[in-house]
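With the hints as constraints, model all of the structure from the sequences given.
For the sequence shown, the residue numbers in our numbering are 302 to 581.
By construction, these hints were calculated from the structure, which means they are not laboratory data.
These numbers were taken from a predicted model, which means no experiment stands behind them.
Among the clues, some could well be false.
What the hints assert, rightly or not - Cβ pair distances, simulated, as ranges:
id : residue 1 : residue 2 : range
1  : 506       : 574       : 24 to 30 angstroms
2  : 533       : 509       : 42 to 48 angstroms
3  : 361       : 576       : 22 to 28 angstroms
4  : 569       : 434       : 22 to 28 angstroms
5  : 497       : 439       : 48 to 54 angstroms
6  : 497       : 576       : 23 to 29 angstroms
7  : 439       : 565       : 26 to 32 angstroms
8  : 571       : 479       : 30 to 36 angstroms
9  : 435       : 568       : 45 to 51 angstroms
10 : 376       : 497       : 21 to 27 angstroms
11 : 566       : 488       : 42 to 48 angstroms
12 : 549       : 387       : 53 to 59 angstroms
13 : 399       : 494       : 45 to 51 angstroms
14 : 438       : 570       : 15 to 21 angstroms
We put the CB at the ideal spot given by N, CA and C, even for glycine.
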Amino acid sequence: PEDSRPDPAQLAALFTALGPWSSVDLWIRRADERWLAQITLVPFGAPGSGVDPEEARIATAIVDAVLAGVDDNGQAAYGELLARFPDSPRAPSYRARLGRAPAHHGAVAMIELSVLGALVVPLLGDTLEQARLAEAPGETEAALAAALSLREKTGSCGPLVGKAGPTPPLETPCYAGDGGKCRPLDAAGGPRDAAAGEYDAQLWTEDPIWSAIGWRPSGGHRYHYAIEAQESPTDGCRVVVRAYGDLDGDGVFSTYTREATVAADGSRRSPAMQVEQGDE
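This is the structure we're talking about:
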């Protein structure tokens, strides 16, 4: 879509910024439910296979001069470097700096960056948004399943009765953490930065209910979780799991609620998940 295309001026600025570098590699990988873009830059002056040490030294000096604002933008120096090392594996880069690269090279570079900006970046944004929205529904479902599994194994609601959470406390700013996530740290992890969403992982193991069901969110998480269970002769065992999230730090929390009721005869009733302030 036209409104998703990168700004031509920004692309031109990007080419200018990358001018001193001989190669740029970019790849995307997924780690800990996050998509990470990694970039490798190799300057002209960096040593490498087939590159004469003297060539690397001269190239480094040229780059320094260009960055310092030499009048001809290093054109004369690059010409001398190309004449002295015509068979260098970096010769095509020198020719490009002199404006001698085939026209299609620049076009291909522009197309590749345009594709990255117009296709990959929006797609990456959509993927991150989907991951953000999927956490609370997925984790509340997992927590409720763990609680019901314990109820089935023990044949009793007893180990679940009571309340646990929200964990971590709502005062812990998950939105301020790396990737907008809270991170539970063990004692061996060193000092915790509460202002950056870090908290004691023992909150999950020391609470009797969390410990009993053996559940906690996997890795870093954007939401705070709570569980509550009660038992009555008429209604049976009712378990409620909630996720609270303030994803932008405005003090307004979205709430995702799942619940299930297990009757004395083992029959189960599970209404649809309830969402409040879901667009928070």
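Okay, the hints, checked on the actual structure:
1. The hinted window of 24 to 30 angstroms between residue 506 and residue 574 holds, with their beta carbons roughly 27 angstroms apart.
2. A hinted range of 42 to 48 angstroms is violated for the C-beta pair residue 533 and residue 509, which are about 21 angstroms apart.
3. For the pair residue 361 and residue 576, the supplied restraint of 22 to 28 angstroms is violated, since their beta-carbon distance comes to about 57 angstroms.
4. At about 27 angstroms, the beta-carbon gap between residue 569 and residue 434 stays in the expected band of 22 to 28 angstroms.
5. A hinted range of 48 to 54 angstroms is violated for the C-beta pair residue 497 and residue 439, which are about 24 angstroms apart.
6. For the pair residue 497 and residue 576, the beta carbons lie near 28 angstroms from each other, so the given range of 23 to 29 angstroms is met.
7. Range check, residue 439 to residue 565: about 30 angstroms between beta-carbon atoms, so the 26 to 32 angstroms window is met.
8. For the pair residue 571 and residue 479, the supplied restraint of 30 to 36 angstroms holds, since their beta-carbon distance comes to about 35 angstroms.
9. Between residue 435 and residue 568 the Cβ separation comes to about 30 angstroms, which falls outside the hinted range of 45 to 51 angstroms.
10. Residue 376 and residue 497 have their C-beta atoms about 48 angstroms apart, which leaves the hinted 21 to 27 angstroms range violated.
11. For the pair residue 566 and residue 488, the supplied restraint of 42 to 48 angstroms holds, since their beta-carbon distance comes to about 45 angstroms.
12. Between residue 549 and residue 387 the beta carbon distance is about 56 angstroms. The supplied range of 53 to 59 angstroms therefore holds.
13. As the Cβ distance of residue 399 to residue 494 is approximately 50 angstroms, the hint placing it in 45 to 51 angstroms holds.
14. For residue 438 and residue 570, the hinted distance range of 15 to 21 angstroms is satisfied, since their beta carbons lie about 19 angstroms from each other.
Hints 2, 3, 5, 9, 10 from the list above are not met by this structure, while the remaining hints are.
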